[in-house]
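Given these sequences and hints, build the entire structure.
As given, the protein sequences belong to chains A and B, one line each in that order. Quick note: the first sequence uses this note's numbering, first residue 1, plus one each step. Quick note: the second sequence uses this note's numbering, first residue 115, plus one each step.
Think of the hints as simulated: they come from the structure by calculation, not from any bench. Predicted model only: the values in this text are computed from it and were never measured. Beta carbons are placed, not taken as given, at the ideal position from N, Cα and C, and that holds for glycine. It is possible that part of the hints are untrue.
Computed cross-link-like contacts, EDC-like style, restricted to lysine to aspartate or glutamate with a CA-CA straight-line distance of at most 16 Å [said to hold, decoys possible]:
(1) A:Lys109 x A:Glu43
(2) A:Lys106 x B:Asp173
(3) B:Lys132 x B:Asp176
(4) A:Lys50 x B:Glu213
(5) A:Lys109 x B:Asp152
(6) A:Lys109 x A:Asp85
(7) B:Lys179 x B:Glu193
(8) A:Lys106 x A:Glu15
(9) A:Lys106 x A:Glu8
(10) A:Lys69 x A:Asp54
(11) B:Lys132 x B:Glu193
(12) A:Lys106 x B:Asp152
From chain A, some residues computed to sit far from chain B (all C-beta separations above 10 Å) [unchecked claim]:
(13) Thr7
(14) Glu43
(15) His64
(16) Ser80
(17) Ala92
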Amino acid sequence: GDSVTQTEGLVTLTEGLPVMLNCTYQTIYSNPFLFWYVQHLNESPRLLLKSFTDNKRTEHQGFHATLHKSSSSFHLQKSSAQLSDSALYYCALLQQGTGSKLSFGKGAKLTVSP
Amino acid sequence: EAAVTQSPRNKVAVTGGKVTLSCNQTNNHNNMYWYRQDTGHGLRLIHYSYGAGSTEKGDIPDGYKASRPSQENFSLILELATPSQTSVYFCASGGTGGEQFFGPGTRLTVL
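Okay, here's the thing in structure tokens:
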């Protein structure tokens with residue numbers, strides 16, 4: 001079935017360094033829909049980025065990701081981490097044809113320190 | 115105004131007791147979802163619904179029931195709560211494009 005594998009656990013960065021969180025997926029569908037959700041402390045998850053177009057960069061709030069169907073990847077990047085980027089990040093894959101369920105990765109907790 | 119609301123926000127229950135978590139959405143979405151969130155496991159889908167009157171099992175439905183009496187409301191029911199069900203529960207609504215909108219969460223502790 002559909003599945004997502006992403007950078008898991010704790011990721012610690014110093015402010016100003018680049019952010020890279022990996023996400024790969026498996027699906028039977030030829031046109032996958034991929035998402036990144038972000039959850040700040042004591043808040044609920046919210047959509048950060050989404051894409052269903054192969055090789056097209058999508059950007060929001062300084063973060064960007066490109067869906068690469070050839071490598072089944074949708075890595076999240078940012079050129080310079082900020083303290084406010086500290087949060088939990090989930091990669092998710094739409095399970096098409098099943099009522100729009102999402103398959104979430106296990107999440108990566110990003111901590112940015114001064 | 116928050117489009118997805120949950121009640122209660124915090125709940126302490128006793129083992130063997132019945133717990134009902136409620137969710138209301140004003141997004142007019144057909145799809146609604148219940149997740150639990152635990153460290154090391156991320157977000158796991160418990161039940162979901164395509165519309166009023168429908169409920170479907172998610173990935174971890176054991177020990178939970180769901181009810182969708184209307185487009186706006188979706189409840190999660192723990193008939194016999196156990197300590198292993200201590201968690202944070204999120205309700206979400208979504209359309210066909212996959213974007214989901216989450217409620218604020220309910221922190222449930224089962225003693």
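Q. Which of the numbered hints above does this structure break?
A. The structure breaks hints 8, 14, 17; every other hint is satisfied.
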